[in-house]
Structure formats: C-alpha cells, structure tokens
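Protein chains: 2
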Amino acid sequence: MNFDGQLPPKARLLKSAAELLANSAGAPVSTRQITELAGVTAPTLYHHFGDKEGLFNAVIDAGFEEYVAGEHNFAPTGQPLADVRQIWDNHLKFGLDNPQLYSVMFGNIRPESRPVRVAEAEGFMEEMLDKAAAAGQLCVSPKEAARSILAANVGVTLMLIAEPAADRNFDLSDMTREAVISAVSSEMELRTAAAPLGASSVVVAAIALNAALESSHPEQLSTTELKLFLEWLHRISKTS
Amino acid sequence: MNFDGQLPPKARLLKSAAELLANSAGAPVSTRQITELAGVTAPTLYHHFGDKEGLFNAVIDAGFEEYVAGEHNFAPTGQPLADVRQIWDNHLKFGLDNPQLYSVMFGNIRPESRPVRVAEAEGFMEEMLDKAAAAGQLCVSPKEAARSILAANVGVTLMLIAEPAADRNFDLSDMTREAVISAVSSEMELRTAAAPLGASSVVVAAIALNAALESSHPEQLSTTELKLFLEWLHRISKTS
DNA sequence: TCACTTCATATAGCATTGCTATAGGTGCTA
DNA sequence: TAGCACCTATAGCAATGCTATATGAAGTGA
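Heads up: the protein sequence lines correspond to chains A and B, in order. Numbered by the UniProt record's numbering, the letters in the first sequence go through residues 1 to 240 in order. Numbered by the UniProt record's numbering, the letters in the second sequence go through residues 1 to 240 in order.
In case anyone wonders, no lab produced these hints; they're calculated from the structure. Just to be clear, a hint being listed does not mean it is correct.
Note that identical chains are pooled: a pair holds if it fits in a single copy or bridges any two copies.
Said to hold, decoys possible - With a Cα cut of at most 30 Å, we get these calculated DSSO-like pairs of lysine-lysine:
hint: 1; residue 1: Lys227; residue 2: Lys10
hint: 2; residue 1: Lys227; residue 2: Lys143
hint: 3; residue 1: Lys131; residue 2: Lys227
hint: 4; residue 1: Lys143; residue 2: Lys15
hint: 5; residue 1: Lys93; residue 2: Lys143
hint: 6; residue 1: Lys15; residue 2: Lys131
hint: 7; residue 1: Lys15; residue 2: Lys227
hint: 8; residue 1: Lys227; residue 2: Lys52
hint: 9; residue 1: Lys52; residue 2: Lys131
hint: 10; residue 1: Lys93; residue 2: Lys227
hint: 11; residue 1: Lys10; residue 2: Lys131
hint: 12; residue 1: Lys143; residue 2: Lys10
Since we're looking at a predicted model, the values are computed, not measured.
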C-alpha cells in the first residue's frame with residue numbers, strides 16, 4: 001500500500017510505476033505490482049492510461065523531458081555544439097538512472113511506440129544543431145546530424161547499461177560522442193582535437209589552411225596579398 | 001504442423017523458432033506458436049533448451065555467426081579497416097533481416113544474457129582491430145575502438161530497424177560508420193575524407209582558423225597585421 | 001428534493017503466457 | 001526378455017495483460 005498523502009489514484013499510479021521501474025533492476029514490472037503499490041485495482045489503471053504501455057509512456061513523458069530538456073539539467077550556453085554535448089551526457093545519464101524505462105523507449109523495436117519517443121529526442125537534438133548550422137559549424141544537414149548523433153548515443157547508453165555499474169568506463173561515451181560530433185562538424189579544431197594530444201587549435205587550423213591553399217588558390221586575394229598572407233600563416237604555424 | 005521431412009524435434013523447434021522470429025514482424029513470439037508449428041508439445045522444448053531464452057540463444061548461435069563471420073558474407077581482405085567496414089555492414093544486415101532476434105540480443109538490458117552476445121561480437125570486431133593496430137592504423141587501443149564502433153553499430157541498427165523499411169536511409173549508417181572509424185584511426189586521410197561534400201577545404205580551414213584566433217591571439221603578429229590578416233581570412237571564408 | 005448523467009473505482013473473471021510434475025512410450029544393451 | 005536411458009505427451013499451475021459488468025460519488029437541471 002502507498003497512500004502518498006491522498007494523492008489522486010492517477011498520480012499514485014504514475015508514481016508507483018516510476019518507482020518500480022526505477023528500482024526493480026532489469027526485471028519486468030507487472031501491472032499487478034503497480035496497482036498494488038498504488039493501492040488501486042486494475043480497471044483504474046486501464047481507465048486512466050488505456051493499457052500498460054500507455055502508463056509507461058506517461059511515466060516517460062513525465063521523466064524524459066526532465067532529463068533531456070528540464071531546467072535542472074540543461075540550460076543552453078549559446079554554443080550549440082557544447083549544448084549538443086550536454087544533451088548527449090544528459091541522455092546517457094537518464095538511461096543509466098532509468099534502465100528499464102530506457103529500454104522500453106529505445107531498446108524496443110515496435111514501430112508504433114518507439115519512433116514517437118525517438119522523434120522527440122531527435123527533434124530536440126535537431127534544434128541545437130539548427131543553431132550550429134546557422135553558425136556554420138555543420139557540414140551535413142541538421143537532420144542527418146541529429147540522427148547520427150542520437151543513434152550513437154543510444155548505442156553507447158545501451159552498452160553501458162548492460163554492463164555492471166562498477167565496470168562502466170565513460171571513455172567509451174566521450175570518445176564516441178566526439179567521434180560523431182566531429183564527423184558532422186565543419187570545425188577543423190574538432191577533427192584534430194579528437195586525436196590525442198594535438199597541437200594548439202590555432203596552429204592546427206593554420207596548418208590545415210596552409211595545406212588547403214596549396215591545392216587551390218582563392219580568387220579573393222591578389223597574388224601579392226596572398227604572398228603576404230601565406231607568410232603570416234607560416235609564422236602562426238610555427239608557434240610551439 | 002510442420003513435418004519438415006522428418007527432421008528430429010530439436011531441429012524442428014529451431015527451424016520453427018527462427019521462421020516465426022523472422023516473419024512475425026515485431027510482435028512477440030510465444031512458445032505455443034513455436035511448438036505448434038514444430039509439431040511438438042511444450043515439454044519437448046524445455047527438455048532440449050531449458051527455457052524460451054535458451055531456444056532463442058540457440059537460434060542466435062545458429063544465425064548470428066553466419067552473418068557476422070560466415071563464409072557467405074565475410075572474407076578478410078587483408079585490409080583491416082576495410083574488414084571492419086564489412087563487419088559493420090554485416091551486423092546491420094543481420095539486424096534488419098532478423099529484427100526480433102536482434103532486439104533480444106542487443107535491445108535487451110538483462111545483464112545475464114546480453115553481455116555474452118555482445119562480448120562475442122565485440123571480440124570479433126577486436127580481432128580485426130588488432131590487425132589494424134599492428135599496422136599502425138589505430139590511435140586508441142583495439143579494445144576501446146571495438147567497443148565504440150560496436151556501440152554505434154548497435155545504435156544505428158536499432159534506429160533503422162525501428163523505422164519503416166521504405167523510409168530507411170543508409171546514409172545514416174555510412175556516415176556514422178565512417179565517423180567512429182575515423183575517430184579511432186590514425187590515418188589523416190580518413191579524417192578529412194569523412195567530410196562529405198562540404199564547403200571547399202580552403203573555406204572550412206579558413207573558418208576554423210578564424211574561430212581559433214578569436215579565442216587565442218597569436219603573438220607572432222602585430223595588432224595591425226592581425227587586423228589585415230583577419231580581413232583577408234574573412235574574405236576567403238566568403239567563397240560560395 | 002429528486003431523477004439523470006458522468007466520472008471513477010471495485011468485483012470477478014477471461015484468455016494467454018512461460019513453465020512443470022508426472023507418466024508413458026521408444027530404442028538400446030545385456 | 002528385462003532393464004535402462006532418453007525423449008515426448010497429458011494435464012495443469014501460477015502469473016500475466018486486460019475487460020464485462022456493477023457500484024459508488026459528484027455534479028446538474030427541473
């Protein structure tokens with residue numbers, strides 16, 4: 001029994017379901033467990049939520065937003081790609097904190113339930129990437145980028161959920177996160193930053209530009225301008 | 001009923017289970033369906049396979065190896081990274097061909113069943129990456145690389161399984177595959193080749209340098225020099 | 001005040017699920 | 001033929017998601 005200070009039955013069902021899903025590690029949660037903990041009977045559940053999945057979706061609606069977009073965990077920084085990293089990490093944290101709920105959402109292949117949630121998460125990711133694209137930081141469309149990043153995020157989260165908490169190594173997450181972000185990003189510093197112990201970003205970018213200029217000369221600069229430009233570029237590259 | 005030319009009951013169970021799992025799209029498959037199709041009764045199933053999961057594991061053992069390592073789909077080329085790509089694509093194909101089986105293997109979070117299969121797939125990936133590492137093509141340990149690639153592979157596969165077959169866009173797979181491979185690879189050509197059809201490399205490099213200079217001003221250039229330099233940089237960046 | 005509707009909950013039970021206690025063949029070796 | 005190990009069937013259990021039906025409560029109009 002769980003009276004919860006006279007909360008209405010609907011709220012008690014939500015709370016009980018969330019509690020059971022969060023605590024019973026991995027094992028499936030039955031409607032009878034939920035209704036018993038909530039102190040109501042079966043028809044009440046079906047009256048309010050239609051079916052078991054409806055209840056779970058309601059729990060997700062209440063919980064997922066909180067993690068991915070909620071004020072507690074996310075405040076846009078104005079730097080879109082930094083926000084994307086934050087979304088990735090929040091997504092992972094949500095999965096590790098609510099493994100059962102997470103597997104219902106993302107480990108599931110039923111075409112009628114999963115895409116709704118995925119599309120939601122994807123849309124949120126896409127918002128950030130739209131800003132990145134507006135800032136010229138993307139080299140693919142925000143939609144493609146969002147799908148790729150989210151797919152990798154889900155894969156990493158499922159893998160980390162599946163192994164004992166003690167063995168979890170978050171390098172997997174960081175590494176994969178940077179891999180997909182750099183792949184959709186047009187910022188050279190990111191590409192090379194993924195390589196361990198790179199030179200400073202200015203130097204790397206200067207080297208890259210230098211190399212690029214050798215194969216294709218821009219028409220925007222006259223020959224003399226270009227000569228001086230390359231001289232400066234060369235000087236910048238020499239920073240150690 | 002399914003007599004299958006007098007195959008023994010154990011084989012008939014395997015075949016029936018595989019058939020049902022492959023055909024009944026997304027819906028769960030019951031033991032009664034399986035035993036009925038195989039023309040046996042319930043205890044036969046439990047005698048041979050212990051429980052439902054045991055049967056599914058047996059089906060997986062028979063089917064997964066075939067796709068990932070089987071002769072039909074995989075022959076090492078001697079180029080480790082090309083082999084890794086092949087493994088990725090075979091993994092994806094297996095998931096799309098056997099979505100139910102796949103979700104049992106990878107969409108599942110029960111710590112006792114999933115890691116076995118994952119470790120198997122991971123080990124296979126790792127073998128290839130060991131060769132890549134021996135050839136100096138990796139910039140992280142083969143183990144880390146294998147986990148990252150496999151995680152992304154699983155995420156992409158689940159995402160593509162979840163959407164209608166007609167809408168599937170394999171660019172997502174190709175893009176993400178190249179992203180994680182390039183991130184663990186030490187070959188620079190891969191890193192930059194991963195940028196598809198973006199702006200010209202000169203423009204991208206110029207934009208990157210511009211961004212880098214904003215956060216850290218080099219001492220090699222005087223203020224006036226820097227001002228002119230940035231002006232030119234800006235001009236180069238405007239190529240369309 | 002009294003029907004009347006509407007919403008919310010309970011009683012009791014159905015069909016299906018994974019699984020099993022027990023017993024009955026079936027073929028082999030002695 | 002007897003005994004034994006292996007395989008399969010009869011019948012049924014407990015748990016699951018879900019529901020047909022009925023009861024209570026709370027408002028609404030006359």
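For each hint, the structure was consulted:
1. Lys227 <-> Lys10: For Lys227 and Lys10, the Cα distance exceeds 30 Å both inside one copy (74 Å) and across copies (65 Å).
2. Lys227 <-> Lys143: neither (40 Å within a copy, 37 Å between copies)
3. Lys131 <-> Lys227: between (36 Å within a copy, 28 Å between copies)
4. Lys143 <-> Lys15: Neither. Shortest intra-copy (35 Å) and inter-copy (41 Å) distances fail the 30 Å Cα cut-off.
5. Lys93 <-> Lys143: Both. Shortest intra-copy (23 Å) and inter-copy (23 Å) distances satisfy the 30 Å Cα cut-off.
6. Lys15 <-> Lys131: neither (36 Å within a copy, 51 Å between copies)
7. Lys15 <-> Lys227: neither (69 Å within a copy, 61 Å between copies)
8. Lys227 <-> Lys52: Classified as neither; 71 Å inside a copy, 64 Å across copies.
9. Lys52 <-> Lys131: neither (38 Å within a copy, 49 Å between copies)
10. Lys93 <-> Lys227: neither (52 Å within a copy, 45 Å between copies)
11. Lys10 <-> Lys131: Neither way: Lys10 and Lys131 sit 39 Å apart in one copy and 58 Å across, limit 30 Å.
12. Lys143 <-> Lys10: neither (37 Å within a copy, 48 Å between copies)
Consistency note: the structure conflicts with the earlier hints numbered 1, 2, 4, 6, 7, 8, 9, 10, 11 and 12.
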